[in-house]
Amino acid sequence: MNILAILIPAALVLGLIGLVAFLWALRSGQFEDLDGAAERILLPEDDRPNP
Amino acid sequence: MSCCAASASLSVPGSAHRPDRSELLDASHDLGDGLVSTRLAVPDAHCAGCIAAIEKAVGGVEGVEDARVNLAGRFVTVKWPREAVDPEAVFAALDRAGYRSGLMDMAETGPDPVLRRLFIALAVAGFAAGNVMLLSVSVWSGADAATRDLFHWISAGIAVPAVAVAGRPFFAPALHALKAGRLNMDVPISLAVILAVALSLHETLTGGTHAYFDASVTLLFFLLIGRTLDHVMRSRAGAALRTLDRTTPRGAVVVAEDGSHTWTPIGDIVPGMTVFVASGDRVPVDGTIASRSVTVDLSIVTGESDPVVLTTGEIVVAGALVVEGPLDLTATRAATASFLGEMRSMLEAAETARPALSRLADRAAAVYAPAVHLVAAATFAGWLVAGDGLHHALTTAIAVLIITCPCALGLAAPIVQVVAAGRLLKSRILLRDGGALETLATVDRVVLDKTGTLTTPTVDRATLGGISEEARAVAAALSCQSRHPIARAIEAACAGGVAKVDGMREETGRGIEGTLAGRRWRLGRADWALDADALAALPEERRAWPVLSQDGALAATIQITDRPRPGADAAVAALKDLGLAPILLSGDGETKVAETARWLGLQDWSAGATPAGKIDAIRQMQADGHRVLMVGDGLNDAPALAAADVSMAPSAASDVSRSAASIVFLSEDMGALPSAIAVARMARRLILQNFGLAVLYNAIAIPLAIAGYATPLSAAIAMSASSVVVVANALRLALPDRAGGAVKRATPGSEAVTDLPPALGARA
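These protein sequence lines map, in sequence, to chains A and D. Take 608 as the starting number for the first sequence in this note's numbering and just add one per residue. Take 23 as the starting number for the second sequence in this note's numbering and just add one per residue.
Worth flagging that the hints you see were computed from the coordinates, not collected in a lab. Treat the hints with caution; some may be incorrect.
[To be verified] Result set (EDC-like, lysine to aspartate or glutamate): computed pairs, CA atoms no more than 16 Å apart in a straight line: (1) D/K522 x D/E491; (2) D/K598 x A/E646; (3) D/K101 x D/D117; (4) D/K101 x D/D171; (5) D/K448 x A/E639; (6) D/K101 x D/E77.
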């Protein structure tokens with residue numbers, strides 16, 4: 608059962624990383640222009656993130 | 023990049039207003055280090071090409087550090103050092119690139135806070151649901167007592183904060199409803215979640231065998247998905263609408279002492295200024311009429327649809343629509359509140375409008391919510407009386423609360439609308455009011471207007487070669503007074519210098535007149551513009567064309583070619599395939615209407631219809647039990663658009679037609695018409711299917727839950743499964759070639775033009 612002491616925190620930490628990454632993306636405005644993001648893939652040499 | 027050829031013709035004569043440096047700085051956001059960011063509206067941006075062109079144009083302005091277009095919000099964020107802020111250079115750069123631009127209103131900038139909160143709640147609920155479920159599965163697969171207790175504690179540690187965060191979108195409205203002494207569907211949801219968490223905490227503390235943290239967080243997760251989709255759908259329609267409104271002038275043409283016209287933003291108009299309003303435009307500020315009598319439509323103010331005639335000195339309120347003008351008014355109030363209030367209420371009406379079917383769901387919820395509480399309470403009391411103990415009674419009651427949660431019922435209509443609206447938006451069709459989709463599905467008669475809808479009048483520049491420069495400049499000045507499609511076509515063909523014509527006014531259905539150097543010029547129908555001698559001298563076949571006259575003598579005849587709108591014939595054929603009966607109702611002469619009808623393969627047509635005649639025809643059809651869709655664009659179609667059950671207008675239509683229409687299509691292609699109907703029919707079918715599924719689920723699940731066969735967890739899974747089924751069913755609408763199957767690709771317009779006999783080209 609000692610394996611649980613590693614696996615459960617590992618699972619939770621991975622989940623938390625995902626959650627924090629999403630909240631960071633939300634905060635940094637990456638969900639503010641979904642239409643623009645869809646169109647921008649058509650532009651050459653434009654892969655900057657949102658300011 | 024031809025798709026981006028932004029319409030350069032601003033409907034406002036004179037130089038457009040440009041905010042000055044201080045205004046720009048006021049609206050800017052300080053980034054520190056001497057940098058500021060400014061948001062400029064670019065309403066015409068709509069594709070990758072536009073993004074590249076705008077960013078290149080603005081980025082090339084000296085001092086600009088970064089320019090980034092937001093396509094969803096139709097604005098560009100400019101980052102520049104405070105001292106480098108130069109409005110003239112940046113607006114000039116945008117003008118050169120062919121994009122109209124302006125300063126964003128402070129109020130409309132920034133992301134949607136509600137959506138942001140929903141996203142955060144959704145992310146937290148998703149995280150908690152995944153992890154708690156993992157732990158629960160281990161417990162069910164037979165963990166020993168110590169591990170089980172440990173897992174319950176960990177689950178509690180995840181679920182309690184998660185519910186506190188993710189439950190807020192439900193707890194707040196529930197509290198609101200309770201305070202107001204009402205019950206809404208948020209109340210049983212909140213009750214079920216809080217009770218399940220409380221019971222589970224009690225179990226965890228006492229080392230019990232069952233905890234239901236999984237049930238509460240999964241429930242929240244699925245409910246939040248539905249709620250977020252619903253919100254996205256609503257705000258998307260609103261955002262599209264705001265973009266449309268941004269293209270309409272946010273100011274008015276102010277007439278200076280010397281008679282020159284200057285475009286001034288609405289906020290800068292002060293009492294005493296003289297404001298010019300063209301026919302078909304709304305009065306921007308409250309004022310008194312300074313010019314001769316005009317006809318205005320006050321329906322937005324009074325609800326009375328008949329236009330009224332107002333004379334000099336009478337008060338006209340903001341929001342009134344000038345039907346026959348133009349109008350000069352003296353502003354009496356600087357307040358823009360009434361105008362903005364009207365705009366806002368229009369937007370809100372569109373955002374809150376819900377189809378009859380989802381209103382039905384709301385009505386059902388009003389009955390359903392108390393019923394849910396009664397059933398749950400009765401279950402609790404029943405099991406308690408039966409002597410099964412408090413714990414079992416409570417779990418069963420919670421299971422009933424969860425299982426009766428009307429997610430499937432609540433999702434049935436909105437999810438279909440989200441998908442349908444998204445599909446329509448892709449075909450560049452905007453729903454102005456949510457009910458339109460549902461009505462559109464039941465339509466069985468389609469009334470089409472000719473000019474501007476099925477055909478676009480154009481003036482061939484080559485045929486204007488013979489006219490004098492003076493006549494051309496006068497024609498340009500007169501034609502820009504009117505929103506009539508023919509006047510628009512003349513305006514486009516006569517581009518160049520504009521003569522300074524005085525006393526211009528429009529006579530609806532006849533033409534426009536004005537004076538220059540003491541001579542009266544008229545542009546319009548030959549029998550109105552010319553005196554008897556000149557009319558008699560005009561060859562018979564040219565009398566149907568508009569003419570330009572000087573004191574009754576012929577100055578020029580203007581040859582109008584009716585260019586069919588792209589895909590008009592294919593659209594009519596597709597409408598017939600859908601089992602609809604298209605009817606052509608036009609104000610034009612018999613020969614031309616017959617010609618167009620023959621070309622489109624329409625059996626049912628009528629010529630010479632007046633606006634009132636169109637309304638009568640529509641009312642007659644409605645009296646015969648038909649549901650009527652009206653498609654039109656002109657000022658004269660507006661009453662008919664309002665009279666029909668549902669109406670469509672192209673985005674190029676006059677403001678009044680656009681606000682009267684329930685659906686606006688942005689594409690040039692008439693194929694939008696049958697595809698909108700096909701999508702609407704499919705959506706209606708899916709909504710009814712979803713209601714059926716939801717009712718079926720409840721009919722099976724509720725008796726089982728009351729009988730105590732459902733634990734809170736199995737209830738949460740059943741509830742979620744029913745939601746997933748409903749969502750999956752709705753997504754069928756997004757599959758390619760389901761709704762669009764009946765819609766043939768439209769033939770390109772250029773081919774259609776060559777099919778037209780020249781006789782059809784001539785029109786008054």
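What hint numbers does the structure not satisfy? Checked against the structure, the hints that fail are numbers 2, 3, 4, 5, while the rest are satisfied.
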